[in-house]
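Line by line, the protein sequences give chains A and B.
Each step along the first sequence adds one to the number in the working numbering, with nothing skipped, and position 21 is 21.
All you need for the working numbering is the position in the second sequence, starting with 1, plus 132.
By construction, these hints were calculated from the structure, which means they are not laboratory data.
All of these numbers come straight from a predicted model, not from anything done at the bench.
Hints may contain errors.
Unchecked claim - Among the chain A residues that face chain B by a calculated CB cut under 8 Å, a handful are:
1. His-27
2. Glu-48
3. Gln-51
4. Phe-55
5. Gly-65
6. Gly-71
7. Pro-77
8. Trp-79
9. Arg-82
10. Gly-84
11. Ser-86
12. Arg-87
Claimed, not checked - SDA-like mimics (lysine to any residue), calculated; alpha carbons at most 20 Å apart, straight line:
13. A:Lys-38 - A:Glu-69
14. A:Lys-36 - B:Lys-223
15. A:Lys-104 - B:Pro-260
Unchecked claim - Each pair of labels, with its calculated beta carbon distance range:
16. A:Asp-62 - B:Ala-205: 52 to 62 Å
17. B:Pro-289 - A:Gly-35: 57 to 67 Å
18. B:Pro-211 - A:Val-123: 39 to 49 Å
19. B:Pro-351 - A:Lys-104: 53 to 63 Å
20. B:Pro-351 - A:Lys-38: 41 to 51 Å
21. A:Asp-124 - B:Lys-327: 15 to 25 Å
22. A:Asp-124 - B:Pro-289: 20 to 30 Å
23. A:Arg-114 - B:Arg-208: 38 to 48 Å
Note that CB positions come from ideal geometry on N, CA and C, so glycine has one too.
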Amino acid sequence: MKIIRTLAPALLAAASVLLAQRASAHHSTAMFEWGKEKSLGATVERYEWTQPHTFLWLIVQDGQGRTQEWGLEGMSPSWLGRRGWSRHTLKPGDKVSVVYYPLKDHRPGGFYVRIKLPDGRLVDALPQRSGQ
Amino acid sequence: MNRTLRFTSGLAACGAIALVSACGSQCAQSTANAAPAASAAQNPYAALAKLPDWSGVWEPTFRAGTPGQAPPAPPRLTPPYAAQYAKYLQKNRTTPGLNFVSAVASCVPPGLPQSMLQPYPIEFLFTPGRVTILIETDHLIRRIYTDGSPPPPDPDPTYQGTSVGHWEGDTLVVETSAILPDTSPLQGINGHSDKFHVTERIRLAEPDLLEIKTTRTDPAVFIEPYTTTAYYRRHRDWRIMEYVCEQNNHDALDAHGNPAFSLSHKPEE
Numbered sequence: 001m002k003i004i005r006t007l008a009p010a011l012l013a014a015a016s017v018l019l020a021q022r023a024s025a026h027h028s029t030a031m032f033e034w035g036k037e038k039s040l041g042a043t044v045e046r047y048e049w050t051q052p053h054t055f056l057w058l059i060v061q062d063g064q065g066r067t068q069e070w071g072l073e074g075m076s077p078s079w080l081g082r083r084g085w086s087r088h089t090l091k092p093g094d095k096v097s098v099v100y101y102p103l104k105d106h107r108p109g110g111f112y113v114r115i116k117l118p119d120g121r122l123v124d125a126l127p128q129r130s131g132q
Numbered sequence: 133m134n135r136t137l138r139f140t141s142g143l144a145a146c147g148a149i150a151l152v153s154a155c156g157s158q159c160a161q162s163t164a165n166a167a168p169a170a171s172a173a174q175n176p177y178a179a180l181a182k183l184p185d186w187s188g189v190w191e192p193t194f195r196a197g198t199p200g201q202a203p204p205a206p207p208r209l210t211p212p213y214a215a216q217y218a219k220y221l222q223k224n225r226t227t228p229g230l231n232f233v234s235a236v237a238s239c240v241p242p243g244l245p246q247s248m249l250q251p252y253p254i255e256f257l258f259t260p261g262r263v264t265i266l267i268e269t270d271h272l273i274r275r276i277y278t279d280g281s282p283p284p285p286d287p288d289p290t291y292q293g294t295s296v297g298h299w300e301g302d303t304l305v306v307e308t309s310a311i312l313p314d315t316s317p318l319q320g321i322n323g324h325s326d327k328f329h330v331t332e333r334i335r336l337a338e339p340d341l342l343e344i345k346t347t348r349t350d351p352a353v354f355i356e357p358y359t360t361t362a363y364y365r366r367h368r369d370w371r372i373m374e375y376v377c378e379q380n381n382h383d384a385l386d387a388h389g390n391p392a393f394s395l396s397h398k399p400e401e
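So here's chain A without its partners, still in its complex pose:
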């Protein structure tokens, strides 16, 4: 029992550290409501296939004729590029549905998690939470 009690915090700590490490390459995710999925429909303004993160600029209609620009960070070309994504995956004018983690400060931005492409494909943009 003693061994189990001693090991349990270590196991938990190791698991949480590993999950956190996998989520983002080089920075904290503290500015996002990480894990809280929200979605929006939008038109792609520009897709920046850049390090250390890709960046997706969107034009979102508010339903009353007004538009707002949104900026969503994503995983890097180093991660996405080895999992079927490319700089051509999204292009200006594409109508997409995006699942994202919002910013805590409610500005129009966040981190994109998965995207429904114009051809209907749903593409993951983050490591899965369970397993490799």
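Using the hints, position chain B against chain A.
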């Protein structure tokens, strides 16, 4: 013979006509005959054939510890660092996905050993008397001298430190010191003393699985040396990608050193 080879190749660069007029066909003949004789004994590249095959690109697997065994025990830390580490673990428990806050967010490169534990791949180059590790994240380069020469007596502290290595069978043992003291010795801890020393034992655990055991020693931080194990999966068909952190970083820390997020089109980092 080497001198002859260099001499003739230099001449060849000036033009084939010069070579022919200088020594004629007899000279060209003797140079061709000399090449095999200069090989095994004198060509330092021949010794590389005995080294294990670490070619390809190695992806970190984030597999925790040795398969089938419990993860390593937590580090035993001196009081100031224990407090820092406990705070980090507590934050990670209460905020899912929270990562370590460090200058890396502002594109300052990670120091050793964190540079080896980034989410992106690494590759190895073997040349005579040296192993070079190329890290995709931030384009970091580690030069590990394996020619038996001692490290310089008083090297300047750097992000990747000063490394010497030697082979124990098929295991490369790397000893590194002179790592900048404001870098992270372990995820969750910022800073260490100038006594910080890293020992890495690198070997193939399986044909396509590289194992790196990393031991951190620093009496200011660790009550006893702390070892973790990381695994990397081989991808022979991958290429290392360009990674310039300043290209489009929206995540530089704010003026108080806290995480931030810029929605500016041209972030000022």
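Taking the hints in turn, this is what the structure says about them:
1. At its closest, the beta carbon of A:His-27 sits 3 Å from a beta carbon of chain B; the interface hint therefore holds under the 8 Å criterion.
2. Using the Cβ-Cβ criterion of 8 Å, the hint placing A:Glu-48 at the interface with chain B is satisfied: the shortest such distance is roughly 6 Å.
3. Annotation: A:Gln-51 was flagged as interfacial toward chain B, and the flag holds, the nearest CB pair being 5 Å apart, inside 8 Å.
4. Because the closest C-beta pair between A:Phe-55 and chain B is about 6 Å apart, less than 8 Å, the hint holds.
5. About 23 Å separates the beta-carbon of A:Gly-65 from the nearest beta-carbon of chain B, more than 8 Å, and the hint is not met.
6. With a cut of 8 Å, the hint placing A:Gly-71 at the interface with chain B holds, because the nearest CB-to-CB distance is about 5 Å.
7. Against a cut-off of 8 Å between C-beta atoms, the interface hint on A:Pro-77 holds, since the closest Cβ of chain B lies about 6 Å away.
8. Contact between A:Trp-79 and chain B, as hinted, is supported at the beta carbon level, the nearest pair being about 7 Å apart and thus within 8 Å.
9. With its C-beta approaching chain B no nearer than about 7 Å, A:Arg-82 sits inside the 8 Å limit, and its interface hint holds.
10. At about 14 Å, the closest approach between the beta carbon of A:Gly-84 and any beta carbon in chain B exceeds 8 Å, and the interface hint on this residue is violated.
11. Interface restraint check for A:Ser-86: the shortest CB-CB distance to chain B comes to about 12 Å, outside 8 Å, so the restraint is violated.
12. This hint is violated: A:Arg-87 has a C-beta 12 Å from the nearest C-beta of chain B, more than the 8 Å allowed.
13. The hinted pair formed by A:Lys-38 and A:Glu-69 meets the criterion: a straight-line CA distance of about 16 Å does not exceed 20 Å.
14. At most 20 Å may separate the alpha-carbon atoms for a hinted pair to count; A:Lys-36 and B:Lys-223 meet this at roughly 17 Å.
15. Of the pairs offered as hints, the one joining A:Lys-104 and B:Pro-260 is violated, with about 53 Å between alpha carbons and a cut-off of 20 Å exceeded.
16. Between A:Asp-62 and B:Ala-205 the Cβ separation comes to about 54 Å, which falls inside the hinted range of 52 to 62 Å.
17. Against the hinted window of 57 to 67 Å, the Cβ-Cβ separation of B:Pro-289 and A:Gly-35 comes to about 38 Å, which falls outside the hint.
18. Checked against the given bound of 39 to 49 Å, the beta carbons of B:Pro-211 and A:Val-123, roughly 48 Å apart, stay inside it.
19. For the pair B:Pro-351 and A:Lys-104, the supplied restraint of 53 to 63 Å is violated, since their beta-carbon distance comes to about 40 Å.
20. A hinted range of 41 to 51 Å holds for the C-beta pair B:Pro-351 and A:Lys-38, which are about 48 Å apart.
21. As the Cβ distance of A:Asp-124 to B:Lys-327 is approximately 44 Å, the hint placing it in 15 to 25 Å is violated.
22. Between A:Asp-124 and B:Pro-289 the Cβ separation comes to about 41 Å, which falls outside the hinted range of 20 to 30 Å.
23. Take A:Arg-114 and B:Arg-208: their Cβ atoms lie about 41 Å apart, and the range 38 to 48 Å holds.
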